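Enquirer: Single-letter residue listing:
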Amino acid sequence: MKSGVLKEVIKNLFSKPATIEYPKEKTIIEPDARGRHYADLQKCIGCSLCMIECPTKAITMEKIPEGYEKPKKNPKGMYPVINYLKCIFCYRCVTMCPTLAYVTTPEYRLATEKPIFSRELSLKTLKGGEGDGRD
Amino acid sequence: MDTAPENVTKAMEIPMLLEVPVGPQHPALHEPVLLKVYASGERVVRVEVNTGYNHRGIEKLAEKNTFYKDIFLVGRVCGICNTVHANCYVRALEALLDKEPPERAKYLRVLAMELERLHSHMLIEAVMAEILGYDTLFMHIMRDRELIMKAKEILTGARVLADYMMVGGVRRDLNNEKIRRLNEILDKVEPRLNYYMKLFEEDVTIRKRLEGVGVIPPRDIINYGLLGPIARASGLKMDARLQDGYDAYRDVPFRIIVRDDKDSLGRMLLRWEEALNSLEMCRYILKNLPEGEAVPDEKRLSRVFPKGEVFTTVEAPRGELTYYVMSAGGTQPYRVKIRTPSFNNIINSGFVYIDHELADVPVILVSFDPCISCMERVTVIDYRKGTRRKVPIKEVVRGNA
Chain B
-3 MKSGVLKEVI KNLFSKPATI EYPKEKTIIE PDARGRHYAD LQKCIGCSLC MIECPTKAIT
57 MEKIPEGYEK PKKNPKGMYP VINYLKCIFC YRCVTMCPTL AYVTTPEYRL ATEKPIFSRE
117 LSLKTLKGGE GDGRD
Chain U
2 MDTAPENVTK AMEIPMLLEV PVGPQHPALH EPVLLKVYAS GERVVRVEVN TGYNHRGIEK
62 LAEKNTFYKD IFLVGRVCGI CNTVHANCYV RALEALLDKE PPERAKYLRV LAMELERLHS
122 HMLIEAVMAE ILGYDTLFMH IMRDRELIMK AKEILTGARV LADYMMVGGV RRDLNNEKIR
182 RLNEILDKVE PRLNYYMKLF EEDVTIRKRL EGVGVIPPRD IINYGLLGPI ARASGLKMDA
242 RLQDGYDAYR DVPFRIIVRD DKDSLGRMLL RWEEALNSLE MCRYILKNLP EGEAVPDEKR
302 LSRVFPKGEV FTTVEAPRGE LTYYVMSAGG TQPYRVKIRT PSFNNIINSG FVYIDHELAD
362 VPVILVSFDP CISCMERVTV IDYRKGTRRK VPIKEVVRGN A
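Here the protein sequences come in this chain order: B and U.
Residue -3 is where the first sequence starts when you use the working numbering, and the numbers rise one by one after that.
Residue 2 is where the second sequence starts when you use the working numbering, and the numbers rise one by one after that.
Hints are computed from structural coordinates only; laboratory data are not their basis.
Remember, predicted model here, so these are calculated numbers, not experimental data.
Accuracy of the hints is not assured; some may be wrong.
[What the hints assert, rightly or not] Mimicking DMTMM-like on lysine to aspartate or glutamate, the simulated pairs with C-alpha atoms at most 20 Å apart in a straight line are: (1) B/LYS7 to U/GLU147; (2) B/LYS53 to U/GLU299; (3) U/LYS151 to B/GLU26; (4) B/LYS7 to U/ASP188; (5) U/LYS199 to U/GLU274; (6) B/LYS53 to U/GLU64; (7) U/LYS151 to B/GLU17; (8) B/LYS39 to B/GLU49; (9) U/LYS65 to U/GLU310; (10) B/LYS39 to U/ASP298; (11) B/LYS3 to U/GLU202; (12) B/LYS53 to U/GLU60; (13) U/LYS300 to U/ASP174; (14) U/LYS189 to B/GLU26; (15) U/LYS179 to B/GLU26; (16) U/LYS189 to B/GLU4; (17) B/LYS3 to U/ASP136; (18) B/LYS3 to U/GLU191; (19) B/LYS39 to U/GLU299; (20) U/LYS151 to B/ASP28; (21) B/LYS12 to U/ASP136.
[Claimed, not checked] Covered stretches of chain B (in silico footprint by chain U; criterion: 3 or more residues with CB under 8 Å from a CB of chain U, positions within the stretch not fixed): (22) 16 to 30; (23) 80 to 86; (24) 89 to 95.
[As the list claims (entries may be wrong)] Quick partial rundown of chain U residues pointing at chain B, CB under 7 Å, derived from the structure: (25) LYS70; (26) PHE73; (27) ARG144; (28) ILE155; (29) GLY158; (30) GLU299.
The C-beta atom is built at its ideal place from N, Cα and C for all residues, glycine as well.
Based on the sequences and whatever the hints tell you, model everything.
Expert: Laid out in structure tokens, this is it:
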């Protein structure tokens, strides 16, 4: 037994640390891990199903602001905005979406001082509206 | 007022019983529970277990949400065993809807649950190593546990909260590349599990601290309704996986590990054996995964549930977990009752500590500091003045009493 422990000690003395220096070094994460997701407004039809089905009520429907080209598929001009601090990343909205409009990313570094929403990311998928200035 | 013995002007009364509150916040305690330990000298004479510090109203909240949203809610009852909670609830919903998941989904569910049992057992072994004073061993086990967390991430998309169960199947499927990577991880973990098990079996210090401590005879297991690894370590063959054969547990071969040690060491060794057995099960599942669909279309699931009531059980890492779901028709459950194994195991465990030394109370093993409690407990009786007052022991030591 003692030799077993000694072997373990020597092995660990010469192996590199098991920890990584986050945030200097990035954590290795799966490309399909459940991270930040947002609606692709080219596909979204504004049906509000994701808002209804969200377990934490993290999604609200908002009007697409003036200056953006409103997609023909979306006659109501509504789009979902996710509050990432409320979101539990269960991806029910992703699977419930009738047009599979959600874009998923493995981005998990969401710590901020102010509330963060998917508004900007979603509006980037639309044409027009440069210099809107909303965060 | 007591009468003074001859030639005595002052006396000091130190009570025989020492009351030591451990928790709800305590360095050695990883859960918010209060153990009120009464000790006579170093011997524990009585333990009161007080719970209720983590009440979140989840059962009531489940009634306010829809059946489907509750799947994510029950997964958050416990972080360590979230897939078993979700599985138990989802199987209740499937019974209400009279729906059977496909074979592949059943195998994948078992894979997720067995990975969870693996990392849960590794966690508790690591915590045990820590409170024994073996901080290095704690670090090593946690490092190797991280591999299992990675396996869970590959399978479910998240390290801890899997959100993997879905009515009629699972939320994501495995491909060949992922199966290869999972097998690689299992190959890496197996020698480590064997090594740690050998360490727990042979290490002198671990044996001295755990052997013969907290012996529970099988009769007491039945009397107090203890479950899971605790019951199996006392020689009782008790496992919901065998009793119910839910999901793929009928098809996947596994051993029910039973030990006759009855003590803390037996319970820890049983967990290592179970972890090794879970690893074998994961290998079998990855090798014999049935072909077919595993992920149903969530949009096509029935929103309205028929009237009825279901009682489901599942073998969580800590014992038998039960769910009772009652539907009065409609989209929301009328009642969801959860009975977790820890509820039985912790609330009824007070008798185990009796006649052990204070240092043997498992959760306070090493970092217990008795001075805090006893310093208020010296009574100084002044016979001349006819007064009694309480003085901290440090004042007595300084000669101020």
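Enquirer: With the threshold set at 20 Å, check whether the alpha-carbon distance from B/LYS53 to U/GLU64 stays at or below it.
Expert: Roughly 16 Å separates the two Cα atoms, so the pair holds.
Enquirer: Are the Cα positions of B/LYS3 and U/GLU202 separated by 20 Å at most?
Expert: 18 Å, holds
Enquirer: Does the structure keep U/LYS189 and B/GLU4 at a Cα separation of 20 Å or less?
Expert: Holds, at roughly 15 Å.
Enquirer: Given the hint that B/LYS7 pairs with U/GLU147, test it: the Cα-Cα distance must not exceed 20 Å.
Expert: 19 Å, holds
Enquirer: Can you confirm whether the C-alpha distance between B/LYS3 and U/ASP136 stays at or below 20 Å?
Expert: Roughly 18 Å between the alpha carbons, so the hint for B/LYS3 and U/ASP136 holds.
Enquirer: Sort out whether U/GLU191 lies within 20 Å of B/LYS3, counting only the CA atoms.
Expert: 18 Å, holds
Enquirer: The hint names U/ILE155 as touching chain B; please verify it with the least Cβ-Cβ distance against 7 Å.
Expert: For U/ILE155, the interface hint holds, since the closest Cβ of chain B sits about 6 Å away, which is under 7 Å.
Enquirer: Grab the minimum C-beta distance from U/PHE73 to chain B and call the hint holds if it beats 7 Å, violated otherwise.
Expert: Holds, about 4 Å.
Enquirer: Taking only the CA atoms, is the gap from B/LYS53 to U/GLU60 under or equal to 20 Å?
Expert: Given that 20 Å is the threshold and the Cα spacing comes to 18 Å, the pair holds.
Enquirer: Identify whether the interface hint at U/GLY158 stands, where standing means a beta carbon of chain B within less than 7 Å of its own.
Expert: 4 Å, holds
Enquirer: Establish whether the coverage given for the segment 89 to 95 of chain B by chain U is satisfied; the threshold is a Cβ-Cβ distance below 8 Å, and no fewer than three residues must meet it.
Expert: Holds, because 3 residues of the segment 89 to 95 of chain B bring their Cβ atoms closer than 8 Å to Cβ atoms of chain U.
Enquirer: Straight-line Cα separation of B/LYS53 and U/GLU299 no greater than 20 Å?
Expert: 19 Å, holds
Hint check: no violations occur; every hint is consistent with the structure.
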